[in-house]
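Throw the hints in and build the complete structure from the sequences for me.
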Amino acid sequence: MAIYNLGFSEKLIEAAQFVLDDEGDEFDKLQTILYLSHLSCEITLKALLEKAGKPIKDIIACSHDFDKMFQPFFVEVEIYEEVGNNIYRWFKAGGIGCEQTSEGINEPTVRTTLTDRRTSQYPSNLRYAGNHISAYPPRELIKAATILLNDARKYWDNIRLAPYNGKPGRVGTAYQKLSNQGAFCIKDMSS
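Just so we're aligned, residue 104 is where the sequence shown starts under our numbering, counting upward by one.
Errors might be hidden in some of the hints.
[To be verified] As a list, the in silico DSS-like pairs of lysine-lysine whose alpha-carbon atoms are at most 30 Å apart:
| hint | residue 1 | residue 2 |
| --- | --- | --- |
| 1 | Lys132 | Lys157 |
| 2 | Lys154 | Lys246 |
| 3 | Lys257 | Lys114 |
| 4 | Lys114 | Lys157 |
| 5 | Lys154 | Lys171 |
| 6 | Lys257 | Lys157 |
| 7 | Lys154 | Lys257 |
[To be verified] Using C-beta positions, here's what the derived DEER-type ranges look like:
| hint | residue 1 | residue 2 | range |
| --- | --- | --- | --- |
| 8 | Phe130 | Ile106 | 31 to 39 Å |
| 9 | Glu185 | Asp131 | 41 to 49 Å |
| 10 | Asp161 | Asp124 | 23 to 31 Å |
| 11 | Trp259 | Asp170 | 17 to 25 Å |
| 12 | Ser166 | Gly187 | 36 to 44 Å |
| 13 | Ile236 | Tyr183 | 34 to 42 Å |
| 14 | Ala118 | Asn234 | 21 to 29 Å |
These are computed hints drawn from the structure, not numbers from a lab.
Note that the coordinates shown come from a computational prediction; the quantities given were computed from them, not determined experimentally.
Note that CB positions come from ideal geometry on N, CA and C, so glycine has one too.
Spelled out as structure tokens, the structure:
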């Protein structure tokens with residue numbers, strides 16, 4: 104049985120949207136929406152990693168650190184996508200989280216809204232914010248959570264840990280080095 108649940112993630116998004124549409128203190132709404140949206144994103148990313156075959160102990164070791172949660176998608180997780188008329192290939196899943204949360208040039212991606220160190224860091228700086236939170240707009244974070252959930256559903260049956268030397272679930276050092284050099288948001292066309 105799965106540990107992480109996309110249905111739970113979806114309900115967190117619905118709750119955040121409800122709070123956004125509700126009347127009330129703006130700061131209280133902001134704090135609640137940001138926390139629910141971040142938690143939804145955490146559950147979604149961890150559900151995808153679990154579905155791909157990442158060991159639960161490794162997923163738990165990511166804690167609440169979105170950089171650590173995103174790293175496997177660039178290094179060891181693959182998704183199966185159509186490249187032509189009924190032609191499919193496995194690609195590194197680095198595109199997950201690279202969609203922009205709003206339209207326009209230089210708008211933040213899902214990944215940026217979650218990992219930007221200039222914003223209040225999840226979870227502690229959102230739970231115990233006092234009277235100050237630095238964050239992207241609440242609608243963008245709800246959209247980020249929704250985009251991740253939609254990606255999870257799109258790739259749910261087409262995600263795996265990349266094989267290495269014919270053994271599924273192992274990662275080569277070349278991929279690790281590429282990730283450590285910051286090669287993010289690109290598709291590996293070499294598989």
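Structure-based check of all given hints:
Distance check on the hinted pair: Lys132 and Lys157 sit about 35 Å apart at the alpha-carbon level, beyond 30 Å; violated. Restraint check for Lys154 and Lys246: satisfied, since their Cα atoms lie roughly 23 Å apart, inside the 30 Å limit. Distance restraint check for Lys257 and Lys114: the Cα-Cα separation of roughly 18 Å lies within the 30 Å cut-off, and the hinted pair is therefore satisfied. Between the alpha carbons of Lys114 and Lys157 the distance comes to roughly 24 Å, so the proposed pair stays at or under 30 Å and holds.
Only pairs whose Cα atoms come within 30 Å are accepted, and Lys154 paired with Lys171 is accepted, the gap being roughly 17 Å. As the CA atoms of Lys257 and Lys157 are separated by approximately 19 Å, the hinted pair is consistent with the 30 Å bound. For the hint pairing Lys154 with Lys257, the CA-to-CA distance comes to about 13 Å; that is within 30 Å, so the pair holds. Distance hint check: the CB atoms of Phe130 and Ile106 are about 33 Å apart, consistent with the given range 31 to 39 Å.
One distance hint, 41 to 49 Å for the beta-carbon pair Glu185 and Asp131, holds here, with the actual separation near 45 Å. Evaluation of the 23 to 31 Å hint for Asp161 and Asp124 yields a failure: the beta carbon distance comes to about 38 Å. Checking the proposed 17 to 25 Å range against Trp259 and Asp170 shows it holds: the Cβ atoms sit about 23 Å from each other. Our hint of 36 to 44 Å for Ser166 and Gly187 holds, since their Cβ atoms are close to 40 Å apart.
The given range of 34 to 42 Å is respected by Ile236 and Tyr183, whose C-beta atoms sit roughly 39 Å from each other. A C-beta distance of roughly 23 Å is found between Ala118 and Asn234, which places it inside the suggested range of 21 to 29 Å.
Hints 1 and 10, counting from the list given before, are not met by this structure.
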